[in-house]
Structure formats: structure tokens, C-alpha cells
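Starting from the known structure of chain A, fit chain B with the ligand onto it as the hints suggest.
So the sequences go chain by chain: A and B.
Heads up: the first sequence begins at 6 in my numbering, then just goes up one per residue.
Heads up: the second sequence begins at 13 in my numbering, then just goes up one per residue.
Treat the hints as calculated values from the structure; they're not laboratory data.
As the structure is a prediction and not an experimental result, all values here were calculated from the model.
Note that the Cβ used here is the ideal one computed from N, Cα and C, for glycine as well.
One or more hints might be untrue.
Said to hold, decoys possible - Far from chain B, by Cβ distances over 10 Å, these chain A residues were calculated:
hint, residue
1, CYS63
2, VAL102
3, PRO149
4, LEU169
Claimed, not checked - Which stretches of chain A does chain B cover? Using the computed rule of at least three CB atoms under 8 Å from a CB of chain B, they are:
hint, segment
5, 80-94
6, 150-163
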Amino acid sequence: MRKTMIESLWRGPLTEPAPPADDAALAELAAKVNRAAQARLGRSLSIRHVDAGSCNGCELELHALSNAFYDLERFGLRFVASPRHADVLTVTGPVTVNMREALLRTYEATPDPKWVVAIGGCAVDGGIFAGSNAVAGGVKDVLPVDLTIRGCPPSPRQLLAGLLALLKV
Amino acid sequence: MMPTQTNVKVDGWLEAVDRLAGGHLTLLSLWADPPDVKMALLDEASGAVSIVSYHCRNGQYPSVGVKHPPAIRLERAIRDLHKLEAIGASDTRPWLKHTAAPYEFLAAEGEALHQIAVGPVHAGIIEPGHFRFTANGEFLVRLEARLGYVHRGIEASMAGAPLDGAAKFAARASGDSTVAYGIAFALAAEMALGIAAPPRAIYLRALMAELERLANHFGDIGAICNDASFSLMHAQCGILRELTLRAADDYFGHRLMMDIAVPGGVVRDIAADGAAHLGTLLAEVRRVFPQLVELYDNTASLQDRTVTTGIVKPDYARQFGAGGFVGRASGRAVDARRLPGYAPYGDLKFEVPVLTAGDVNARVWIRIREVEQSLALVEQILAALPGGALRVDLPSRGGEGLGIVEAFRGDVFVWLRLADDGSVARCHLRDASWFQWPLLETAVEGNIVADFPLCNKSFNCSYAGHDL
Ligand code: SF4
Numbered sequence: 006m007r008k009t010m011i012e013s014l015w016r017g018p019l020t021e022p023a024p025p026a027d028d029a030a031l032a033e034l035a036a037k038v039n040r041a042a043q044a045r046l047g048r049s050l051s052i053r054h055v056d057a058g059s060c061n062g063c064e065l066e067l068h069a070l071s072n073a074f075y076d077l078e079r080f081g082l083r084f085v086a087s088p089r090h091a092d093v094l095t096v097t098g099p100v101t102v103n104m105r106e107a108l109l110r111t112y113e114a115t116p117d118p119k120w121v122v123a124i125g126g127c128a129v130d131g132g133i134f135a136g137s138n139a140v141a142g143g144v145k146d147v148l149p150v151d152l153t154i155r156g157c158p159p160s161p162r163q164l165l166a167g168l169l170a171l172l173k174v
Numbered sequence: 013m014m015p016t017q018t019n020v021k022v023d024g025w026l027e028a029v030d031r032l033a034g035g036h037l038t039l040l041s042l043w044a045d046p047p048d049v050k051m052a053l054l055d056e057a058s059g060a061v062s063i064v065s066y067h068c069r070n071g072q073y074p075s076v077g078v079k080h081p082p083a084i085r086l087e088r089a090i091r092d093l094h095k096l097e098a099i100g101a102s103d104t105r106p107w108l109k110h111t112a113a114p115y116e117f118l119a120a121e122g123e124a125l126h127q128i129a130v131g132p133v134h135a136g137i138i139e140p141g142h143f144r145f146t147a148n149g150e151f152l153v154r155l156e157a158r159l160g161y162v163h164r165g166i167e168a169s170m171a172g173a174p175l176d177g178a179a180k181f182a183a184r185a186s187g188d189s190t191v192a193y194g195i196a197f198a199l200a201a202e203m204a205l206g207i208a209a210p211p212r213a214i215y216l217r218a219l220m221a222e223l224e225r226l227a228n229h230f231g232d233i234g235a236i237c238n239d240a241s242f243s244l245m246h247a248q249c250g251i252l253r254e255l256t257l258r259a260a261d262d263y264f265g266h267r268l269m270m271d272i273a274v275p276g277g278v279v280r281d282i283a284a285d286g287a288a289h290l291g292t293l294l295a296e297v298r299r300v301f302p303q304l305v306e307l308y309d310n311t312a313s314l315q316d317r318t319v320t321t322g323i324v325k326p327d328y329a330r331q332f333g334a335g336g337f338v339g340r341a342s343g344r345a346v347d348a349r350r351l352p353g354y355a356p357y358g359d360l361k362f363e364v365p366v367l368t369a370g371d372v373n374a375r376v377w378i379r380i381r382e383v384e385q386s387l388a389l390v391e392q393i394l395a396a397l398p399g400g401a402l403r404v405d406l407p408s409r410g411g412e413g414l415g416i417v418e419a420f421r422g423d424v425f426v427w428l429r430l431a432d433d434g435s436v437a438r439c440h441l442r443d444a445s446w447f448q449w450p451l452l453e454t455a456v457e458g459n460i461v462a463d464f465p466l467c468n469k470s471f472n473c474s475y476a477g478h479d480l
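This is chain A alone, in the form it adopts within the complex (with noise of 0.2 Å):
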């Protein structure tokens, strides 16, 4: 274990400096986002995952945000375990029937102020399981979404910088 650290030590860090913040995702939120209600959290969130219908794609990029090149907690960002803990929550997937229920008890689990973040292509708009029987649509169709963060499944880069813009309304 010894070994291990030292070279640790010797090699510096890997973590990259950050993305910019998204600009698209600033302008998205700059026209929702109760700018007091921001003010009051300062620069720091703290986040709820729920998948509610993901290929888990999407998670193992969230996963990624948390490995040392990306190394999310830096810039005062953090997965919670509870929603009651929770500012943001992230949502992925379509939003299947069998998991509305819980999606929803988990938001209104989430206290106020709070933000919804659709990360994946199916989270925008189903994607390409939209129509499907099974499927209740995209997130937009069930909560009020704050942000849309596109891709399938969007890169840690391209997950960070639509996060930091939370940080910079």
C-alpha cells in the first residue's frame, strides 16, 4: 500500500482543469432559475441520482464525474444519499411507469428550493423509447425540469460543464 501512495505522491495530479460552464445550459437556466433562491446556497449543491428508466449508461459516466480526472468535488458538488440532503436532483432514463411513483415521492422528498436536472438523451424526451407502453415519457413529463443535459450518454466533460453552470447563475 505504501508503494501505491508514494507513487501517488511523486506523480502529481491527474485531475484537469474544469470545462467551461455549458453555455446553452446558462441560458437554460438563467431563464428559470429563481436567482435569490441561488444566492442562498452559495457555491456549493449537494445532489440526488435517480435513475428512473436509464440503460445505466448514464451512471457510469455519472460514476466517472467522481474518479480523479474529473474529481467533482472540488468545485463543491456532491452526490447525497437522501433526497431530504439533496438541492439538486439528476434524473436519468425515460421515466418508465413502474418508476413514476418513486420518482415523484423523491421529489417531493427534496425540500425547496430544489432542481431538476434531465441528464441523457431519454431523460429529455423519452429518446427512443419514447411512445413505448412501458415508457411515462421524458422527466419534462412528469416534473418541472431546470436543465437538460443532451447525450447517449453525455460525457463526464459534457456532465460537468452542464453541472457547473448550475454553480454560475
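Okay, now just chain B with the ligand, sitting in the frame of chain A:
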């Protein structure tokens, strides 16, 4: 690998059920193509795959699950999705279709037992499912999973779609295995059409499949250690995983290599400098990974958590035909790349690691050994990469075919029937998880509640691939 297909009456169906129950054959899958139900069977001695098809009368067929438990959840899914009834079935609760009626969990009776309900929304960034634990103090007496939350209606959505459209659904059955699903669907389509992908495409598919396996195994090894609170391994394995995904992005244009393996071949070539640069990735992994293995092996506090935890009995692994590290850590020496086998693996040298302890530790070690094998496979594939075309044209005609591909977590089975115009009439996808989830329920029995995350992560079953 063209399977034999037999239309059977009640006698023939029951005979197949008996052979499954007697352990002579392994159930690859059970599905409906209404009004028929079909079973795919594997003879592990010869590698032969056969399909038996039963024409339902009044929407009914004799239950397989009543004698061969691995079929129970498949029968429940058939009932939900196709309204065909398994006569004699012991469990008729809905499975993929959730209704307003409260779900009745199986009972566990005894003094001082309490229940813990978890999910579908979990504490981490993971897929949704519900776990109902019954515990006696700290010890688990029973676990029952309730799945189906991410049921998106994939098979129904594929019906009527053109082949390229349907391939997109297959590639999104389980994002972590998108390459494996892409290949399995392509193999099924190519068998149905009586064509074969060009040699270069076959090798590029295998290259992507091994990169996918490496990325997932790195992720899993780190995540399992993380669930034992050893975050150093998680951080280090996370770096290897990220480097692998970046290589995939650089040389195939997508980090998960989604939508590249398609019926007829592959849609793009590896980038011109890809083969040379992949050598750099391999060298880095070969430099770092052995140190991590040593770290895993020499950390007593970590071993204390993984050794003898969550044991899957070899008998269960055999009965359920458990694929991947779940089966191979419990003595089942089956890997779809070998049995039944598909190109180009017959031309490549690799070992299929097998252990018998069946605990979390064994499942970690199978992954470690498979990382080593995949590294050697990537080298062989790069050295032998043939030239030539990437894709052949697809004729528009009907047919049936199947594909069985070894994803990182086990065998992916795809069966496909094409209509005369070449569109999909019916497609069935079966993830390895179907036969692994039930074994997780057996593995946690007698373990403490706090070890469940560790057991669960060592299985890393798919929810999306199972729920479809
Ligand atoms: S957007 Fe793509 S990666 Fe994300 S859940 Fe949908 S299909 Fe999967």
C-alpha cells in the same frame, strides 16, 4: 452454430423439462413468440444448442419452473408481457408489470425476525430495484428482490422495427454491456439472414468486447473494495477504467463504443493510430495492475471482508447455468466465447479461470484473472487484425437466428425472428443477470446485513438488462 429446432407436443416439452431438472441440459432461456413458447437448451458436454418450441393451446403451456426453478421468473415475465399462462406454476405473481395491488413478498416466519425494505431508489448512483430483507438481529434470514422498475418495453419496441433501428434498442438493453449486446444482436441477425460479417469486423468487434470487459472489471474490482471501505483501490482502479474508456473514445469515437457493432459488421474502423496507441494503454495497465492485485491480496482488513462472504454453492451455479464470474467463481467452467463459442475466439489463445470457493473473494479473483486474459487477447487481436471490408450489405428476407456472446458479467442470449421484408418480427434478449439475481438471494443467507452491499457489488447484476 445453427441450433436444431424442434416443434414439440406436451410430451416433448415435458421431456425437455425433465432433462433440465435432471441436470442433463442447461436452460439458456425461455420466451414467448405467441402463440408459441420456446426454450433454448445448452448441452454443456458438447456445446450443442437446441430450441424446442411448443404451440400454446388456449394461451397455456406446461410450467417449466415448477420442476426447474431457474425458469420461474421467465414464466412470470411471459405472463406479464404475452399473457401466456404456465400451467402448474408455483409462483404466479406479476414480475415485470407492476400493478396497483401490493406485491406479496414471500413469508419468513420465526421469532424475533424483522424486515428491512430498501429501494427502488437506492442511496448511491445505482439502478433501481427493491430488496426485502428479513433479518434476525444482524443476520440475514431471507432476501427477496423485486425487479422490473426499469422495464422500458424493449422487446415490444423492437417488434416491427427495421434491423438498424432494432440494433439501437439491443445496444441500450444494458449500457455497461452495449458492445456485447450489439454483437449478440448482430450474430442473431446474420444467422437469420444467412450472411457473415467480414473478418476485419469480427476482429474489431472482439477488440471492443475485450476493452469493454477490461473497463467493467476495473470498475467492479475498485467498487467491491470500496464497499469494504478500501477507497484506495477504488481510486486506482477508477484511473485504469477511465484510461480504457478514453482509449475507446479516441480510437472508436465513443467511450462505451455504443452502436458500432451492427448487423453485417461494424460501422467504423479503428482510428489509424489506434493499434499503436492501444499498446501504450496495455503497457500502463501491465505496469499498475499487478501492484493493485498485490495490494488487494496483502491487505488483511480487506480480505477479512471478502473471504468466506456471500458464498454461492456450486450446485446452484450449475443448476441455474450461472454465467460470468458468478458461475466461474463457483466451479462452473463455462464461457460463451468457448462454449458454444464464436469467431474469432477459436483462433485466439486464452484461459477461462475457474475457482470453487464461491465467495466475494473468488469473484474478485476471477475478474483479476480475466483482466490478464483480456490484455493478452487485445494483443493477439491487434497482431492478427485482418484487412478488408467492414460491413456487408443486408438482404431483405425473413429467417430466424440466435447469438450468444460473453459480456463482462456473463452470457447474453439473443433470439431473433425476421419478417419477410427483413424487419424484426420478434426479438428476445436474455441477460446473464436472469440466472444470477436468484443466486444472490441464496448467497447472502446467514451473512450480516452490512455485508449485503459487498455481496451485491461482487455480483453486479444488471437491472436494465434484466427488466428490459
Ligand atoms: S441516454 Fe443513452 S446512455 Fe443514457 S440511459 Fe438513455 S440510452 Fe442509456
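Distance rule for VAL102/A, whose beta carbon must clear each one in chain B by more than 10 Å:
violated (8 Å)
State whether the coverage of the segment 150-163 of chain A by chain B holds or is violated, taking the criterion as 3 or more residues with Cβ-Cβ distances under 8 Å.
holds (count 3)
Per the stated criterion, does the least C-beta distance between LEU169/A and chain B lie above 10 Å, as a non-interface residue requires?
holds (18 Å)
Under 8 Å between beta-carbons, do enough residues of the segment 80-94 of chain A, three at least, approach chain B for the coverage claim to hold?
With 4 residues closer than 8 Å to chain B, the segment 80-94 of chain A meets the three-residue bar; holds.
May I ask you to check that PRO149/A keeps its beta-carbon over 10 Å from the closest beta-carbon of chain B?
holds (19 Å)
Beyond 10 Å from each Cβ of chain B, as asserted for CYS63/A:
violated (7 Å)
The earlier numbered hints that this structure contradicts are 1 and 2.
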